[in-house]
Amino acid sequence: MNVQSKPGKGGYIGQSMPRPNAVRLVEGRAQYVDDVMLPRMLHVAYLRSPHAHAKILAIRTDAAKKAPGVVLVATGKDFANIEKFAGVLAHFKGMKSAQQSVIAIDRACWQGEPVAAVVAESRHLAEDALELIEVDYQPLPVMVDIERGLDADASVIHAELKDNLCFSRDVDAGDFDAVAARADHIVEQTFRFPRHTGVCLEGRSVLGNWISADKRLTVYISHQAPNMVQDCFAKLLGLPESAVRVICVDVGGSFGIKTHVYGDELATCALSMMLGRPVKFVADRLESFVSDIHSRDHLVKGKIAVTKEGKLLAVSFEDRLAVGPYSVYPRGSAVEGNQICNITAQWYTLEAYRARMQTVFTNMAPYSNYRAVGHPVAVGIAEGLVDAAARKIGMDPIEIRRNNLIPDHAFPFQSVSGMKFEVMSHHRCLDELVKAMNYEALRKEQVELRKKGRYRGIGIASMIEITNPSAMFYGIGGVRVSAQDGCTARMEPSGSIVILHGCGEQGQGTETIFAQIAADAIGVPLETVRLVTGDTEVTPYGGGTWASRGAGVGGEATWQAARALRHNILELAALITQTDIGKLTIVNGSVVDSASGEEKITLAECGRIAYFRPDTLDSYRPELCVTRHFVPKQFPFCFTNGVIACHLEVDVNTGFIELQKFWAVEDCGTVLNPQLVDEQMRGGIVHGIGPTLFEHCIYNENGQLQNGNMADYLVPMPCEIPDMVVCHVSTPTKETEIGAKGAGEAGTAGTPAAIMNALNDALLPFNTVLTDMPFTPEKVLKGLGKV
Amino acid sequence: MKAAPFLYVKPKSIDEAVALKERHGASARYLAGGQSLMPVLNFRLDRPDLLIDINGLSELRGVSNSGSGVKIGALTRHAEVAKSEIVKSQLALLSECIPHIAHPAIRSGGTFGGSVALADPAAEWPACCLALDARIVLRSSKGERRVEAKDYFLGLYDTARTENELLIRVEFPAVAAGTKAVALELARRRGDFAIAGVLAQAKKTGVRLENVRVVFFGISDRPVRLSAVEQGIAEGQPMETIHQAIDAGINPDDDIYQSGATKTHLAKVLLGRAVEQLRQ
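These protein sequence lines map, in sequence, to chains P and V.
Just so we're aligned, residue 1 is where the first sequence starts under the working numbering, counting upward by one.
Just so we're aligned, residue 788 is where the second sequence starts under the working numbering, counting upward by one.
Chain P extracted, bound-state conformation:
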């Protein structure tokens, strides 16, 4: 048998191969957008509205136009020929949004919305000139109140929409009232999940280069979805798709922040077209806080019905979430709430489920998909309610989960809300977790420490995660974001392999796992495989990186392309060596006899003959460059599962929480590269710690962001991060040959609930329950009645 015929059996798949491209980043030789310098390049800076909602009465730009180094000053009216946009998904019934322009015309709807642009010889000069622009604003009523946003007397942001409702959804599965009537207890809990943002190390950046002679626009951009940018920019700028080339080389973090179309980025390209010169925009940290998408911001009232024996019967909740003034283009601002309706508590064997979700427009920064879209809230609601139920009946948190998680043998399984699950491993994961963290010993230690006035808590969060989405995610809603991904595998004359892929790299190691897959699929040394991603002119059409799809969808496309190439190489080798193709395989860059291992011909020799002496092959035409595409079709999504535990200590005198340790057991199917999966989990957990303890975009009643800088917006730093133990259970998906599910978001999804449950476990002796994130020292002290 060929040792490389199946992934995971020998070879590179399943090994912790280091990332070859990491060296370049560490050496400071990355090519971020800001590193790209083009001849005749200009820089744009945007004047942003200081008001959350205001009519623009007049803009005076004369002084700015005369400032040193200024080439152009433009206002919203100068971009009138650019199509307006809004992210409205056709399959979200009743969803609506006002149309947004690249730069505000007549009216600004959030603090930070661009109102004018200055293009100058340097960013410095552009900022100098910005100060000379005078704008007359007439402030308008500001809507930032999540609770009152839908009231009849609430001020409506866009009159044409009649109200501030972007999207609402009701799910009513099973008869909640009848089922709940059989419960011994109905436990209620209110939750608050704070508005927060992504804080990428590399801010949003774009460089537009319009070559008027070619009538072509090249867009260098820090983004996760190059083909989406190509499609959207072409449409909105009125260009044929073929006239737009999008290049994403190195991307310094993205987290979903960079899957959207931003008006300032589009305007930058339009300015390049107006001027016939390259124009660069790099968002600085201050403008990032008020112009990058924000996310979460939920107020949830939940209920869980439980018997005294610990059987969970039903869950219901009402979720109100506050988005920005427009539904962000093209993916919209409603996927977060929709996911929550779909998945909350669906990893339990419930009999009934009722959810109401309302997505409300506000005059805060635009809002859309951020890492683990909806999941931290869905898991937070469910796991917070499960622990509340466990406290009510005096049951251990592990036991109540063992009693109610979907049994491992029950798959495939359809949840009460209608989610279709192929295969999961909740109980194996929970067993692994209990073992890894030595749960019993921690409980004993907790009891002992309480006697000494030290309060430790243990929090558990079981969870699921949507990965590998099919076209049911966007395509069905008329949104031109590709669910399929393409890969071209090419053998060069030397026998080395080039992989061109539609799915790129933002620092997570995508290119490394694609190289591992291709090397195994063909049978070549890893170092002979080279990756090309992030250039729409070169790579096959694909969706890019979001919804944990790189490994599962992009990886499978790689496998399929590389296997097809392998077949073509073997066909050629069989002809050259006059051997039956069935007796040949490829090992370490050579075609060998699969029985004896004897070398028949190297790939380099195959390459030499194919490219330089095809005349010796009679009528045979070698095809050493093949492309394959893959999209999941059997299931709308490929769900992963896992469980996260948090151990923390609360200083009940100061309210400070010290994280002790995390344990995570996750099941992403085939683990392609254990180290990269572990680091995705760890990074995801840090992203979960952020909004649970620190991160919060705090707005006042006038819609002014109070902490939009790195001193006041608190991202967790290395000193705040404890050790994390990551373990794996592997139940591969059968939908693909490689069997990989996504791994990039699970840590973010489960961590807030794990921390919240640990905090409330620690505070159990004080009879107080905290559910309003982030858990600041003051909230803890208030809960304890100390201030």
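Because the hints were derived from the structure by calculation, they are not lab data.
Think of the CB as a built atom: it goes at the ideal place given N, C-alpha and C, for glycine as much as any other residue.
Just so you know, not all the hints are guaranteed correct.
Pulled a few chain P residues facing chain V out of the computed Cβ check, cut under 8 Å [stated by the list, open to error]: (1) 75; (2) 128; (3) 285; (4) 654; (5) 694; (6) 717; (7) 786; (8) 787.
Position chain V against the provided structure of chain P, taking the given hints into account.
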């Protein structure tokens, strides 16, 4: 986030620096470590016409003994204070503060004199100056003058230093042998400015604490020394009485993350812990 245009000059002597400042007055700024000034410039919250970079004035750098006390040059970096054997052996309170001061990069750039000149109410060095009766040495074309720490800190970023004076060093009188020092503070993230902080030092004689010094920081517009609190600790008064003295002595403002009441509560908790450590 690009600073408004300014001119830059790097003088070779203190006299030259002071003369430049006196010529340009309020439109010029002294630039030392730049850890506070540069962000303020980049935010365009301040827009001086001229920066007078004093980093070339090596005579302003370093820690040394002066008579029975210690003097710290204005340009001495936080990291150099941390490493100084003189500080370790003679100014234990400063050494106790080091772990709370920002992060390595900031400690390498930021200067002792810059921190005292800026007088951030949540910073450790100004609080140390007040706790240890330091004298702040200011230089102008008229010569040097010394200001007692208790007369130096006047309010939020407000000090007795006049517009053109250059803070050249801080002089600490000798600390009595056997004095124990404690520095405690609470910050949401390690290295952030304190929500509340307390410096405490005393000499333990039997069960009694003598020569008690207590300075709170991060809870007012400047570091605050409360003699009633010091007296209460020295006399072994019950904590409730001492807490009353704190309530009478400080009235912190709310900030975006916590109320004044929370800050007062935290100051009390920290003081209790500091006294406990002094008694050990």
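Cross-check of the supplied hints:
A cut of 8 Å between beta carbons decides the hint on residue 75 of chain P: the least distance to chain V is about 22 Å, and the hint is violated. Satisfaction of the interface hint for residue 128 of chain P is found here, the shortest Cβ-Cβ separation to chain V being roughly 7 Å, below the 8 Å cut-off. Residue-level restraint check for residue 285 of chain P holds (minimum Cβ-Cβ distance to chain V is 6 Å; threshold 8 Å). Taken as an interface hint, residue 654 of chain P checks out: its beta carbon lies about 6 Å from the nearest beta carbon of chain V, inside 8 Å.
Checking residue 694 of chain P against chain V: minimum C-beta separation of about 7 Å stays under 8 Å; hint holds. For residue 717 of chain P, the suggested interface contact is upheld, since its CB lies about 5 Å from the closest CB of chain V, less than 8 Å. Residue-level restraint check for residue 786 of chain P holds (minimum Cβ-Cβ distance to chain V is 6 Å; threshold 8 Å). For the restraint placing residue 787 of chain P at the interface with chain V, the shortest Cβ-Cβ distance is roughly 5 Å, inside the 8 Å limit, so the hint holds.
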